[in-house]
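Chemist: The primary structure of each chain is shown beneath.
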Amino acid sequence: MFDQLDALLLARIQFAFTVSFHFIFPAFSIGLASFLAVLEGLWLKTGKQLYLDLFKYWLKIFAIAFAMGVVSGIVMSYQFGTNWSVFSDVTGPVLGPLMAYEVLTAFFLEAGFLGVMLFGMERVGRKLHFAATLMVAVGTTISAFWILSVNSWMQTPVGFEMGANGQFLPGPSWWTIVFNPSFPYRLVHTVLAAFLTTAFVVGGVGAWHLLKDRGNLHARKMFSMAMWMAALVVPVQIVAGDMHGLNTLEHQPQKVMAMEGHYQSHPDGAPLILFGIPDSEAREVRYAIEIPKASSLILKHDPDAPLAGLDTIPLDEQPPVGIVFWSFRIMVGLGFAMLGVGLWSLLARWRGKLYDWPWLHRAALVMAPSGFVAVIAGWITTEVGRQPYVVYNLLRTADAASPLDAPAVGASLLAFVVVYFFVFGAGVWYILHLMHKSPHPGEFGVKRGDKGPIRTAGITPGPTQDPTDGSRRDLSGDKREPEERP
Amino acid sequence: MNIDLTIVWAFIIAFAVFAYVVMDGFDLGIGILFPTFEVGPERDRAMNSIAPVWDGNETWLVLGGGGLFAAFPLAYAVILPATYPLIIAMLLGLVFRGVAFEYRWRDPGHRRLWDTAFTGGSLVAAMAQGMTLGAMLQGIEVVDRAYAGSWWDWLTPYTLLTGIGTVAGYALLGATWLVWKLDGESQNHSRRLAKRAALATLVLMGAVSLYNVFLNAEYAARWLTAPEIWFAAPVPILTGIVAIALLRALSVARHSKPFWLSLMLFFFGMAGLGFTIWPNVIPPDVTIWEAAAPERSQIFMLVGVAITLPLILAYTAWAYWVFRGKVGHEGYH
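Protein chains in written order, with UniProt numbering: chain L, 1 to 486; chain S, 1 to 333.
A couple of the hints might just be wrong.
[Claimed, not checked] Pairwise CB distance ranges, derived in the manner of DEER restraints:
no. : chain 1 : residue 1 : chain 2 : residue 2 : range
1   : S       : THR36     : L       : ARG126    : 35 to 41 Å
2   : L       : LYS437    : S       : LEU247    : 36 to 42 Å
3   : S       : THR225    : L       : PRO403    : 33 to 39 Å
4   : L       : TRP175    : S       : ILE241    : 48 to 54 Å
[What the hints assert, rightly or not] Selected chain S positions facing chain L (Cβ under 10 Å, derived; list incomplete):
no. : residue
5   : THR59
6   : ILE88
7   : ASP107
8   : LEU155
9   : ASN188
10  : HIS189
11  : PHE323
In case anyone wonders, no lab produced these hints; they're calculated from the structure. Small disclaimer: the values here were computed from a predicted structure and weren't measured. By construction, the Cβ of each residue, glycine as well, lies at the ideal position given by its N, Cα and C atoms.
Construct the complete structure from the given sequences, taking the supplied hints into account.
Modeler: Printed below as a string of structure tokens:
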């Protein structure tokens, strides 16, 4: 086995590891940034302290998640050059500009306004502060736009010309490249996934506090908002996912073959394999539980439609089936579990038991991390399903790597693993610690409930505020924390 | 009119790198000097002076790297593998530095640990950046559009010198930034640090400049023969004038002036380096034209830069303006 641990495999493991870790944070912060903007907007509109409390509560969590996303993202932006230098050289003229646009239109926007969002509330006033929050939210979404355009182009490359030196050169229209065939589907599917990831985290935290105290108004609000998202967005996501799948069938048929476990062609209707163990040696799925003709029905909308299998693809152009088969099922399974929670919450609402049904709250709590798992599983499905190519059908992964020796890649991989588990483990621990505590009503004696006095000036005039010296004031609403902990 | 877009892009990348070096330079400098500040309010204020802006500052590094990938893909594909361990070390240093801003407030029980991570990360990132610069200047072996050297080529006495020089320079930026943003005894402490860092920086800048002349016959010819010398000569002369002004500014109570003079020192330092390697992007052989992306890519990006860069500079300036003045004693969190 160890002779296979060459520089290429190590570089692939390193990319998979660092991108999986990184992806967790933007998947969370894209949704959370929008949630914060909604909370602050509701606070400005209604003047209810409750929304401000929730805003401050989630802002602290956002700050940690965002910092982790930034530092792990910088690693990604340099990894194209360190481990995949041939890829960088040949795709740079096409993909480089898209990534440069991501920096110019998204990263600077997020980072530039983040400071004002985190620290500037009493320095710039409510409206400007809200504008800063909006800019951060918009920035995270623009970032998704560009990076998914890049990734989609690698999946469905169009609009290029081949140059000397094997370089991909841009063709006459950049819009063809940016809006490549799989991009709209991938963008919608991924951004919805980010929103759902956040919704289930918020819902899980709300559920956790409801289980401890059903009367907790902050928890009720969080839980209710999150369950609305789940009930309304999960069905949309399932439709979007289906359309994305049909698009993949059109442009990347062998990926769908691997997802479905279709080693063989089915000339008169393909079965839908629910579960089973793909065996690439024997080229069959063992112990398969399958619904006859259902795969043809889903993919072709005709139970008798023929579907080609991997036997029509040369062996050295086939993606690995096992990983893709399983990651796809994990993603879809979690999607339907999310749908179940969303529908359950509708039922609970209808029966007036949204806050009084502990089993629903337990289910929401269990589902809190489901978005992360689903997002990573979906990512693995689409990325591993593209193998053995890095640019689909045009550039093999094996031909894209840097001329590096295995020990160099191995040592850096080891360093990333050790540092990431330590640093991001600590960050996740701090986030869980913050979530463990309930958001509390404004720290200035506002009675528990959302009927506290509406603040007329500034945010929440407190003992430490002194507009004359311009000093920065506590925004977290949690100043006592350092003393509370040993 | 015939504008050479490749030259335009060379200047845009140079601008991004300069913006990164001076802006994240003072952030990293504060990290490097952090252990000399007293545990407690003094450290908290130093940290708070950059907490709202460090993230935007660091983004210039992404523009520098991403811009290089986009405008000079060959340079990106050669320089990063050639300096592989340095880049990895820099990235990991920046990981520790970046999370320290949040974690040290979240976990008072381990604040010492995260303060150490802040300093260690800053020091490693600064050293790695300086050594990467040195590795480029001393030349990178390229065969068939790929790095052809071995993996320790970057480690030489020269790169160690440029690394230490960068650490000293960042410390100078950090210290002068704190002279501006702090008051009282903390400001005096920062000024004492700034004086030492200024002397170290000037000595090391001189050493690197001298070394450059011996490094490569072309560099020597550029700096020491006519007619180039007439273009080159103003750089050391202006550097000298700025150096004297900086040392004088630091011996009297000044607020922002030492910081601006330090920026100018960096500007002339970088101008000198640019003059040394021009028009190569990978010395000794690969010119900017050989490494450049095709014109369609250059034009497409130039549109974006022309629209967004003024906006970025405007809202960045606004964010700095929001947090103007001396740092208060109140912490965040």
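Chemist: Answer holds if the nearest beta-carbon of chain L is closer than 10 Å to that of S:ASN188; otherwise answer violated.
Modeler: violated (20 Å)
Chemist: Falls inside 33 to 39 Å, the C-beta gap from S:THR225 to L:PRO403?
Modeler: With a Cβ separation near 37 Å, S:THR225 and L:PRO403 satisfy 33 to 39 Å, so the hint holds.
Chemist: Do the numbers back the hint for S:ILE88, that is, is its least Cβ distance to chain L under 10 Å?
Modeler: holds (5 Å)
Chemist: Per the CB criterion, is S:LEU155 less than 10 Å away from chain L?
Modeler: S:LEU155 check fails; min Cβ-Cβ to chain L is 13 Å, beyond 10 Å.
Chemist: Closer than 10 Å between Cβ atoms is the bar; does S:PHE323 clear it against chain L? Give me holds or violated.
Modeler: holds (7 Å)
Chemist: Can the suggested window of 48 to 54 Å be confirmed for the beta-carbon pair L:TRP175 and S:ILE241?
Modeler: The hint (48 to 54 Å, Cβ to Cβ) holds, given that L:TRP175 and S:ILE241 are roughly 51 Å apart.
Chemist: Range hint 35 to 41 Å: satisfied by the CB atoms of S:THR36 and L:ARG126?
Modeler: holds (39 Å)
Chemist: Can you verify the interface hint for S:THR59: is its Cβ closer than 10 Å to any Cβ in chain L?
Modeler: holds (5 Å)
Chemist: Quick check on S:HIS189 please, does its C-beta sit within 10 Å of some C-beta on chain L?
Modeler: Because about 20 Å separates S:HIS189 from the closest Cβ in chain L, which is outside the 10 Å limit, the hint is violated.
Chemist: Classify the hint on S:ASP107 as holds or violated, based on whether any CB of chain L lies nearer than 10 Å to its CB.
Modeler: holds (6 Å)
Chemist: CB of L:LYS437 to CB of S:LEU247, is that within 36 to 42 Å?
Modeler: violated (52 Å)
Hint check: violations occur at hints 2, 8, 9 and 10; the rest are consistent with the structure.
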